[in-house]
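Novice: Assemble the complex: chain A is given as a structure, and chain B must be docked to it using the hints.
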Amino acid sequence: MAKVLIIDDDADYTLATKAILQAAGHQVSTAADGKQGLEAVKAQDPDLIILDIMMDSIYEGYSVTTTLRGTPEYMDYRDVPVLMCSAVKTIAGERFTLPPEAELAQGDDYLDKPFTAEVLLAKVEKLLAG
Amino acid sequence: MPLRSVKPLILAIDDDEVARESAQVLLSRWGYRVNLAENGEKGLHLMRQNPPDLMLVDLQMPGISGLEVLAGVREFDPTIVCVMVTGHATLQSAVDAMKQGAYDFLPKPFSPDELKHVVGRGLERRFLELEAKELREEKARMEANFVTLVSHQMRSPLAAVRQLLEVMVKQSLGPMPPAYGELMDRAVARLDELLHSLNAWLAMSRLAESGIAERRAPTALADILTALAQRTRLEAQAAGQEVVVEGDPGEVELAVDRETLLEALYNLTSNAVKYNRPGGKVTLEVRVHPYQVDLSVSDQGPGIPEAEQPFIFNDFFRSKSPELKNKPGTGLGLSIARRVVKAHRGDISVRSQPGQGATFTVSLPR
Chain A
1 MAKVLIIDDD ADYTLATKAI LQAAGHQVST AADGKQGLEA VKAQDPDLII LDIMMDSIYE
61 GYSVTTTLRG TPEYMDYRDV PVLMCSAVKT IAGERFTLPP EAELAQGDDY LDKPFTAEVL
121 LAKVEKLLAG
Chain B
1 MPLRSVKPLI LAIDDDEVAR ESAQVLLSRW GYRVNLAENG EKGLHLMRQN PPDLMLVDLQ
61 MPGISGLEVL AGVREFDPTI VCVMVTGHAT LQSAVDAMKQ GAYDFLPKPF SPDELKHVVG
121 RGLERRFLEL EAKELREEKA RMEANFVTLV SHQMRSPLAA VRQLLEVMVK QSLGPMPPAY
181 GELMDRAVAR LDELLHSLNA WLAMSRLAES GIAERRAPTA LADILTALAQ RTRLEAQAAG
241 QEVVVEGDPG EVELAVDRET LLEALYNLTS NAVKYNRPGG KVTLEVRVHP YQVDLSVSDQ
301 GPGIPEAEQP FIFNDFFRSK SPELKNKPGT GLGLSIARRV VKAHRGDISV RSQPGQGATF
361 TVSLPR
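Protein chains in written order, with the working numbering: chain A, 1 to 130; chain B, 1 to 366.
Misleading hints may appear alongside valid ones.
Cut-off 35 Å, straight-line C-alpha distance, at most; resulting in silico cross-link-like pairs (DSBU-like, lysine-lysine) [what the hints assert, rightly or not]:
#1 A/K42 with B/K170
#2 B/K42 with B/K7
#3 B/K325 with B/K170
#4 B/K116 with B/K133
#5 B/K342 with B/K274
#6 B/K170 with A/K35
#7 B/K327 with B/K342
#8 B/K170 with A/K3
#9 A/K123 with B/K281
#10 B/K274 with A/K126
#11 B/K7 with B/K99
#12 A/K35 with A/K126
#13 B/K342 with B/K325
#14 B/K99 with B/K116
#15 B/K139 with B/K99
#16 A/K123 with B/K108
#17 B/K133 with B/K7
#18 A/K126 with B/K281
#19 A/K3 with A/K126
#20 B/K170 with A/K18
#21 B/K108 with B/K7
#22 A/K18 with A/K126
#23 B/K170 with B/K327
#24 B/K139 with B/K108
#25 B/K170 with A/K126
#26 A/K3 with A/K123
#27 B/K108 with B/K133
#28 B/K281 with B/K170
#29 A/K42 with A/K126
#30 B/K42 with B/K133
#31 A/K123 with B/K170
#32 B/K274 with A/K18
#33 B/K325 with B/K274
#34 B/K281 with B/K342
#35 A/K123 with B/K274
#36 B/K327 with B/K281
Partner residues aside, some chain B positions facing chain A, computed with beta carbon under 8 Å [claimed, not checked]:
#37 K170
#38 S172
#39 L173
In short, the hints are calculated from the structure, not lab data. Fair warning: this is a prediction, and the values are worked out from it, not measured in the lab. Even glycine gets a Cβ: it sits at the ideal position worked out from N, Cα and C.
One chain only, chain A, in its complex shape (with noise of 0.2 Å):
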C-alpha cells in the first residue's frame, strides 16, 4: 500500500481515479488545482504524484512538476515519482511544445486519458518500485 496523491480539476477523473487505486489497496488524497496541490505534498508527503498537465491554465501541472523539483522548499519530495496525464496528447498532430529548458517539468511517466485501470496500476507499481 503506498500514499497517492492526485492532482486534477476533473472531479470525474479524480473519482475514478481514487476509486481504482483505493481497490487496489492505496491510500489516495486528492487535489483540484496546482496550489492546493503543492500544499497536499507537503501535508501529505505522498509516495506517488499523479498529475494533470492542463488544469486552470494550459501547462499548470508542468509548472507543478517544475516547482516540485526545481525549488530549495520542495527539497525534500524532489524524489517522489510523478506520473503525468492528460487527454490532450492522444491526437496525431496535437501535441505540447515545451520549451528545452523544461526538461525538469515532463515527469517520470506519462498516461493517457481516459486509461484502462489496467495500465493504471501497472504504472503506478512499476513507479513505486523505480
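Specialist: Structure of chain B alone, referenced to chain A:
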C-alpha cells in the same frame, strides 16, 4: 481594442508647404501622430511603409492626382479612411472622390475646428471597420475550425464518462450483478468506438493546420522502428498474433516529425492486427536504399479487393467487402497516414492479392 491604445497615425499629402506645416502642428497638438508627404507618389510610398489610420489627401497636386492616390489607398487597404482636401471648392471632383470611396472632403480654406471634427469622425469610422473586420475573421476561423471545436467539446465529457465506466467495469467499488457485466462491456465498446472516431476527426483537422515541415528533426530510423514494433507487439499480443521485424535500419537518420509519423505508422500496424487472420503474423520490414527508406507493414488477412485499392486512402472510405466491412473503423486511418507521409515528401502504397494479406509500404526520402 489594442489598436486604440496607440495614438492614431495620420498621413497628410499636400504640395503646399504651409498646408502641410499647419496640419502637422494642429494634428500633433490633438494627440495624433503625423506623417507628411509633398506629392502623391511619396505619399503612397509612405503609406505602404507605415500604414496610417487616416489620410488627408489634396485633390489637386502636380504628378499623381488626389483621385489616383485615393485609388491606390483603396487597393492597399480599404479600411484606411481618406479625407479629400479640395483647393477651390470644386464640388464635382469632391463628388467623384466620394463615389470612389473617399470618406469625406474638406474644402479649403478650413478652420481648425472643421479639421478636428472631420478627422475625429473619420477615425471613429476606421476603428469601427477594423473591429468589424476582426469579427468577420474570427467568425471565419470559427467556421473553419468547427469540426475541431465540436470534437473537442464532445471529447472531454465522453472521455470522462469512459473513465467512470472503467471503475464500474472493473468493479472497483464492489461487485456488480453479473447480468450487468455484458451491458457494461457493450457500453464501453461503443464509447471507445466513438472516442476513436473523435480522435481521428481531430487528427484530420489538426493535420490540415499542422506544421509537420517545421517540426521535422533528425531521428534515427532504428528508433522509429523500435517504437513501432513495441506498440505493435502490445496490440498483436492482445489479439494472439506475432510480430516479426525484418531488415536492418543501420545508422540511418531521417528528418521527420517523429510523433506524427509514428501515429501514421501505428494506423498501418493497427490495421494489420485488426484485419489479420486469427493467430496470423504481422511483418514490419525496413529497406534502406541510397536515397530513400521503405518501411512496410504486412498482414496475413483476407487482403483488399483490387477494385477497392485505388480508393482506400480517401477520407472516410470503408470497404464493402464482407470480410472487412464489419470491423470497426472511421475510414480515416489510411487517409491520415497518407497526409502525414506526403507532408514528409514521401509516398505510401499498397500491394494486396485477395486471400494473401496486404502490404502497405511507406517510402521516405533520406
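Novice: Output the indices of the hints that this structure fails to meet, ascending.
Specialist: 16, 24
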